[in-house]
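Produce the complete structure using the sequences and hints provided.
Those protein sequence lines, which keep their order, are chains A and B. At position 529 of the first sequence the residue is numbered 529 (the working numbering), and the sequence of numbers has no breaks. At position 74 of the second sequence the residue is numbered 74 (the working numbering), and the sequence of numbers has no breaks.
Be aware that a few hints might be false.
[Said to hold, decoys possible] Interface residues of chain B toward chain A, partial, derived using beta-carbon atoms under 8 Å:
1) M1
2) Y3
3) A37
4) Y67
5) T76
6) S85
7) G86
8) E105
[Said to hold, decoys possible] Every beta carbon over 10 Å from chain A, so not counted as near; a handful from chain B, in silico:
9) E11
10) E23
11) N49
12) D77
13) D92
[Claimed, not checked] Listed next, the in silico DSS-like pairs over lysine-lysine satisfying Cα-Cα at most 30 Å (straight line):
14) A:K284 x B:K103
15) A:K483 x B:K103
16) A:K53 x A:K518
17) B:K103 x A:K486
18) A:K395 x A:K53
19) A:K484 x B:K103
20) A:K858 x A:K917
21) A:K486 x A:K284
22) B:K84 x A:K284
23) B:K103 x A:K487
24) A:K680 x A:K886
25) A:K886 x A:K858
26) A:K395 x A:K406
27) A:K478 x B:K97
28) B:K42 x A:K886
29) A:K284 x B:K97
30) A:K284 x B:K89
31) B:K42 x A:K484
32) B:K97 x A:K431
33) A:K633 x A:K858
34) A:K191 x B:K103
35) A:K478 x B:K103
36) A:K284 x B:K50
37) B:K42 x A:K680
38) A:K966 x A:K906
39) A:K694 x A:K885
40) B:K103 x A:K431
Hints were generated in silico from the structure; no laboratory data involved. All C-beta atoms in this analysis are idealised placements derived from N, C-alpha and C, irrespective of residue type, glycine included.
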Amino acid sequence: MSGLYRISGKGRLTPAKTVAFTFDGKSYEGLEGDTLASALLANGVVLTARSFKYHRPRGTMTEGSEEPNSLIGVRRDTARQQPNVRATMQEIYDGFNAVSQNRWPSLAFDIGAVNSILSPLFVAGFYYKTFMWPRVAWEKIYEPNIRAAAGLGLSPTEQDPDHYANKFAYADVVIIGGGPAGISAALTAAKQGVSVIICDENAEFGGALLYETDVQIDGKSGYDWTQDALAQLGAMDNVTILPRTTAFGYYAQNMIGLCERITDHIAVPEADSPRERLWQIRAKKVIIAQGAIERHLVFANNDRPGIMMASAARSYLNKYGVAVGSKIGVYTACDSAYAAAFDLKEAGVDIPIIVDSRSDVDPALLERARELGLNVQTGHSVIDTTGKLRISGIKVAKNGQTANTKYDVDALLISGGWTPSLHLYSQSRAKPSWDGDVKRFLPENPVQDQVSVGACNGTNDLTELLSEAQDAALNAAKSIGVKKLKKVSAPKEVVTSYGHEGDHIGSSHGAGADDQVKAFVDFQHDVVANDIRLAVREGMRSIEHVKRFTTTGMATDQGKTSNLHGLAIAADGLGKEIPQVGLTTFRSPFTPVSFGTIVNHGAGDLFDPVRRTPMHNWAVEQGAVFEDVGQWKRGWYFPQAGEDMHASVNRECKTVRESAGVFDASTLGKIEVVGPDAAKFLDIIYTNAWSTLKVGRCRYGIMTHEDGFIFDDGVVGRLAEDRFHVTTTTGGAANVLNHMEDYLQTEFPELDVWLTSISEQWGVIGVQGPKARDIIAPLVEDIDLSTENMPHMSVREGRICGVPTRLFRMSFTGEMGYEINVPADYAESVLEAVWAEAQKHNACAYGTEAMHVLRAEKGYIIVGQETDGSITPHDAGLSWAVSKKKTDFVGIRGLMRDDLVAEGRKQLVGLKTKDPKVVLEEGAQIVADPNQPIPMKMLGHVTSSYWSENCGHSIALAIVEGGRSKMGETLYVPMIDRTIEVEVVDTVFVDKDGGRLNG
Amino acid sequence: MLYIRCPYCEEYRPELEFRHAGEAHIERPSNLAEISADDMEKFLFIRENKRGIIFERWRHIHGCGRYFNCVRDTVTDQIIMTYKSGEPKPSDEEIEKAILALKEEQTS
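Rendered as structure tokens:
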């Protein structure tokens with residue numbers, strides 16, 4: 001027997017199919033199809049958790065995703081450990097292993113329960129009030145201790161070994177919820193030929209029909225009707241049925257996020273199966289059939305293990321064959337709880353009392369209760385409960401009185417009525433409307449292409465619900481464009497024995513403002529009715545404030561069972577009507593979604609693309625150490641045996657100036673600008689003039705935005721009258737093209753120009769240094785490399801190693817140099833040939849670090865290092881690159897702005913430390929007087945700083961207020977342990993007259 | 001994720017294919033170099049950023065690459081209409097009509 005509380009002949013599980021599982025290290029037997037909650041109840045295990053704040057003993061209260069108490073940790077293996085799983089949603093399998101949370105040393109004896117004794121200290125707003133003084137204690141004492149005590153469950157410590165999938169889908173109709181309303185809508189819509197996706201968060205479709213055994217539809221039980229309908233749906237090609245799939249988010253324009261749990265219920269999942277799948281579905285029409293959630297009642301000590309929703313108990317009996325106790329009391333304000341009591345009684349369970357807070361109860365129910373020999377007390381309330389680790393008794397009093405009778409029970413079923421689930425409706429940004437008669441909010445004003453049907457729309461009567469769902473599906477098909485709607489007949493005969501009338505919101509008798517009792521509103525965050533009253537007394541006026549002050553509804557269950565109670569108690573305290581106080585907005589996700597699902601494929605190697613240049617292998621062979629530059633892997637430095645980075649970079653820098661160096665410059669952004677108006681267009685985009693550039697020549701150009709600040713730079717070569725080869729910074733390539741397209745398409749559409757990204761089409765081999773020409777000369781065909789024919793800043797088209805090339809003579813090192821552009825597929829083989837020649841001249845391979853040093857020695861800026869979005873070309877000492885003749889370019893007016901032409905702007909200068917060995921820190925601040933009081937006036941900061949082996953001293957670039965007028969002055973760089981003296985110098989440290997460029 | 005109709009491709013595509021490009025209908029003066037500081041301020045900095053119906057630009061960057069304009073309600077995030085660059089700003093009546101058409105589609 002799989003548990004003492006399993007009743008033979010009840011439920012739909014197969015008694016022979018047993019599975020072994022453990023909870024907190026103890027072994028139990030359950031049945032295939034059990035959830036952890038049902039299997040534990042079957043074994044008489046009612047205590048499943050400790051509460052968050054007071055560590056009170058708690059048990060399962062529900063049979064669904066709204067469960068506030070039974071959060072457990074599932075441990076498949078050392079890496080697969082999921083905290084905060086709802087025991088009510090987790091199916092067990094053979095070997096399943098779970099542990100309870102938030103307790104130490106054990107669930108039955110939990111030290112943290114001392115919080116419950118100290119509870120007068122832990123009132124709402126406790127954290128806001130208590131830890132105010134002394135201030136210094138916050139960081140050292142309060143916060144670390146609060147953090148240690150806070151949180152639910154333990155995060156896994158190992159990397160998640162599972163993988164997760166992602167699917168984008170389009171559907172005509174998406175139906176959320178697989179109860180009778182959802183199924184009816186799906187059948188109707190599917191028959192119209194539209195594509196349908198229907199999902200349900202549970203393992204089984206059917207919703208309430210799975211346990212409302214009194215229902216008959218056209219002579220079939222509700223369960224059989226469901227199975228027939230599913231078989232029909234399953235046979236249709238246009239229908240996708242997704243069980244164990246939670247619609248967790250409703251986003252703009254009918255975008256629905258689903259989380260499909262694929263393997264969590266399987267003992268040995270297939271090795272290549274994803275654990276979960278994220279569905280992102282764009283729906284033409286969404287039909288929400290989320291159902292309703294049963295509320296508890298707010299009375300003293302209403303949280304003892306064994307107290308649960310009446311519908312949950314009925315579900316455990318009729319689905320799983322489990323009686324949730326042997327002596328079960330009922331406390332209700334709603335008709336539906338009677339059905340649970342009757343079913344249990346008929347199954348042979350003792351029901352000592354049904355307490356109904358209403359005086360006026362449907363006589364048919366009372367009659368049936370009499371037939372079954374049940375004791376019903378109407379107009380009464382449960383005013384308190386007893387028991388320690390499980391409820392042992394209830395005290396029942398007539399409404400308005402305190403004299404009470406005690407009844408012994410080991411379980412108590414409660415029902416405060418049904419709350420339509422508006423979660424996804426609210427997520428879609430629609431506002432609920434208040435139905436005062438039945439005290440509920442309804443989804444009456446959708447703002448997206450959406451309709452709610454069934455219990456979530458307040459429709460509880462099954463006949464009405466089924467036809468409402470059919471109508472909604474027919475309307476959906478019509479609005480999608482189905483011309484001839486096929487007739488779908490409504491069920492002829494729907495029989496239900498029990499309704500869902502009756503409700504109570506707010507606190508019950510015995511838990512009023514004057515009663516000093518713990519009557520829980522929000523179980524997951526341990527919020528009691530008096531916490532909410534306190535919040536109101538302390539001045540919280542809006543429910544948004546009450547919510548944040550008390551944290552009611554802010555736990556992982558988003559107050560699915562508690563929101564209306566909290567609202568009603570707050571409204572009562574404020575003396576306002578409920579709609580005036582308002583319902584808080586529900587947010588995605590409906591229930592917690594694992595990070596794995598959200599990230600899905602975007603983990604590990606697929607987290608971010610890696611870009612490698614066509615010459616990457618060459619750099620690997622040369623022993624390069626790589627650095628990440630955006631998504632690119634770039635050779636940082638090329639150490640030889642025994643060299644550290646410093647030694648390697650020093651050698652590379654020296655070798656380039658003495659002989660030559662070979663550099664992979666392929667990551668440079670490259671854009672081909674073609675067309676009769678190409679020069680005119682570049683005149684607009686750059687601050688310099690391009691119309692005057694002769695074919696075969698290059699020019700360094702600067703781009704600003706309209707604000708006048710530098711945004712990108714690069715060398716542009718003119719290949720023909722109507723063809724330019726533009727280079728951009730590595731990181732700026734995409735933005736520059738976007739910027740160019742913007743101006744071309746929207747501001748100057750009359751210009752006849754085409755822009756093409758060619759960054760990845762051309763590999764670029766830099767050869768820099770006095771021997772550069774000697775290195776490439778043997779390889780280059782049909783280009784005269786002499787300085788007379790091909791001076792500095794020129795470009796030629798020809799061939800190298802038999803491959804077409806765009807050969808630039810240009811320099812980012814201050815040395816004579818070339819950048820050999822070749823088609824990317826040939827880049828590596830051309831480089832091998834160049835490298836073979838280079839080695840004959842003792843040239844080196846150099847990386848980005850040496851490149852940085854070499855350019856800094858020449859005072860060449862790097863956009864994003866010397867500039868930060870607030871530097872103009874004038875600030876950077878590049879006034880020569882700003883045309884004075886042009887009447888328009890992007891930034892022309894920006895550069896005239898008062899602040900941009902004012903005196904005292906920060907300007908680019910060089911810095912030399914007084915002690916030549918000291919290398920400044922990049923980002924360090926610069927001051928005029930190091931002895932001035934703090935806060936000091938900061939004149940600027942160091943933008944680039946390196947040891948220069950070529951100069952024999954450190955070099956730095958900096959932007960300094962009025963820098964160019966401070967040449968030769970001494971400034972100071974205060975550091976944490978010392979102050980460094982620096983001299984303001986010119987930005988060029990090597991070859992000031994530029995003679996080497998023309999070499 | 002928004003669902004955006006590219007007026008050039010004449011197709012609805014997911015937001016992933018697009019890049020936002022700021023407020024629409026800010027005209028770059030042809031005599032930019034000569035405008036006053038006040039006009040420059042308006043051109044460069046002043047944006048409506050209002051609650052409700054706004055005009056904005058998008059680029060179908062992972063599609064046709066074209067920039068286009070869009071009318072969106074920032075309260076509901078509903079895209080009311082999209083149209084090609086250079087086309088005139090839709091009038092209030094045109095926007096009203098488009099909203100009504102959307103509503104009809106929803107309630108039909």
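Now for the hints, and whether the structure bears them out:
1. Among the interface hints, the one on M1 of chain B holds; its C-beta lies about 5 Å from the nearest C-beta in chain A, closer than the 8 Å criterion.
2. Checking Y3 of chain B against chain A: minimum C-beta separation of about 4 Å stays under 8 Å; hint holds.
3. Of the supplied interface hints, the one on A37 of chain B holds, with its beta-carbon coming within about 7 Å of a beta-carbon of chain A, less than 8 Å.
4. For Y67 of chain B, the shortest C-beta to C-beta distance to chain A is roughly 5 Å, which falls under 8 Å, so the interface hint holds.
5. Nearest Cβ of chain A to the Cβ of T76 of chain B: about 5 Å, under the 8 Å cut. The hint holds.
6. The beta carbon of S85 of chain B comes within 5 Å of a beta carbon in chain A, closer than 8 Å, and the hint placing it at the interface holds.
7. About 7 Å separates the beta-carbon of G86 of chain B from the nearest beta-carbon of chain A, less than 8 Å, and the hint is met.
8. The restraint placing E105 of chain B at the interface with chain A holds, with a minimum CB-CB distance near 6 Å, inside the 8 Å limit.
9. For E11 of chain B, the requirement that its beta carbon stay farther than 10 Å from each beta carbon of chain A is met, with the minimum near 12 Å.
10. Distance check for E23 of chain B against chain A: the nearest CB is about 12 Å away, which clears 10 Å, and the non-interface claim stands.
11. Non-interface call for N49 of chain B relative to chain A: holds, since the shortest CB-CB distance, roughly 18 Å, exceeds 10 Å.
12. Look at D77 of chain B: its CB is around 4 Å from the nearest CB on chain A, not clear of 10 Å, so calling it non-interface is violated.
13. No beta-carbon of chain A is positioned within 10 Å of the beta-carbon of D92 of chain B; the least distance is around 21 Å.
14. Taking the CA atoms of K284 of chain A and K103 of chain B, the gap is about 13 Å. The hint holds against a cut of 30 Å.
15. Of the pairs offered as hints, the one joining K483 of chain A and K103 of chain B holds, with about 20 Å between alpha carbons and a cut-off of 30 Å not exceeded.
16. Distance hint between K53 of chain A and K518 of chain A is fulfilled; the C-alpha atoms sit about 13 Å from each other, no more than 30 Å.
17. A C-alpha spacing of about 25 Å is found between K103 of chain B and K486 of chain A, which places the hinted pair at or below 30 Å, so the restraint holds.
18. Only pairs whose Cα atoms come within 30 Å are accepted, and K395 of chain A paired with K53 of chain A is accepted, the gap being roughly 26 Å.
19. Straight-line distance between C-alpha atoms of K484 of chain A and K103 of chain B comes to about 22 Å, which keeps the hinted pair within the 30 Å bound.
20. Taking the CA atoms of K858 of chain A and K917 of chain A, the gap is about 19 Å. The hint holds against a cut of 30 Å.
21. Taken as a hint, the K486 of chain A and K284 of chain A pair is honoured in the structure, with Cα atoms around 19 Å apart against an allowance of 30 Å.
22. Between K84 of chain B and K284 of chain A the alpha-carbon distance is near 25 Å, which keeps this suggested pair within the 30 Å criterion.
23. Note on K103 of chain B and K487 of chain A: the hinted pairing holds, with a Cα-Cα distance of about 26 Å set against a maximum of 30 Å.
24. The hinted pair formed by K680 of chain A and K886 of chain A meets the criterion: a straight-line CA distance of about 11 Å does not exceed 30 Å.
25. Distance check on the hinted pair: K886 of chain A and K858 of chain A sit about 29 Å apart at the alpha-carbon level, within 30 Å; holds.
26. Among the hinted pairs, K395 of chain A with K406 of chain A is consistent with the structure: their alpha-carbon atoms are about 5 Å apart, no more than 30 Å.
27. For the hint linking K478 of chain A to K97 of chain B, the alpha-carbon distance of about 22 Å falls within 30 Å, and the restraint holds.
28. For the hint pairing K42 of chain B with K886 of chain A, the CA-to-CA distance comes to about 23 Å; that is within 30 Å, so the pair holds.
29. Taking the CA atoms of K284 of chain A and K97 of chain B, the gap is near 21 Å; set against the 30 Å cutoff, the hint holds.
30. Pair hint K284 of chain A plus K89 of chain B holds up; C-alpha atoms about 28 Å apart against a cutoff of 30 Å.
31. For the hint linking K42 of chain B to K484 of chain A, the alpha-carbon distance of about 55 Å lies beyond 30 Å, and the restraint is violated.
32. About 24 Å separates the Cα atoms of K97 of chain B and K431 of chain A, which keeps this hinted pair within 30 Å; it holds.
33. A threshold of 30 Å between alpha carbons decides the hint, and for K633 of chain A with K858 of chain A the separation of about 25 Å falls inside it, so the pair holds.
34. Under the criterion of a C-alpha separation no larger than 30 Å, the hint pairing K191 of chain A with K103 of chain B is consistent with the structure, at around 26 Å.
35. About 15 Å separates the Cα atoms of K478 of chain A and K103 of chain B, which keeps this hinted pair within 30 Å; it holds.
36. As the CA atoms of K284 of chain A and K50 of chain B are separated by approximately 29 Å, the hinted pair is consistent with the 30 Å bound.
37. Taking the CA atoms of K42 of chain B and K680 of chain A, the gap is about 27 Å. The hint holds against a cut of 30 Å.
38. Our distance criterion of 30 Å between C-alpha atoms is met by K966 of chain A and K906 of chain A, whose separation comes to about 11 Å.
39. Distance hint between K694 of chain A and K885 of chain A is fulfilled; the C-alpha atoms sit about 18 Å from each other, no more than 30 Å.
40. As the CA atoms of K103 of chain B and K431 of chain A are separated by approximately 17 Å, the hinted pair is consistent with the 30 Å bound.
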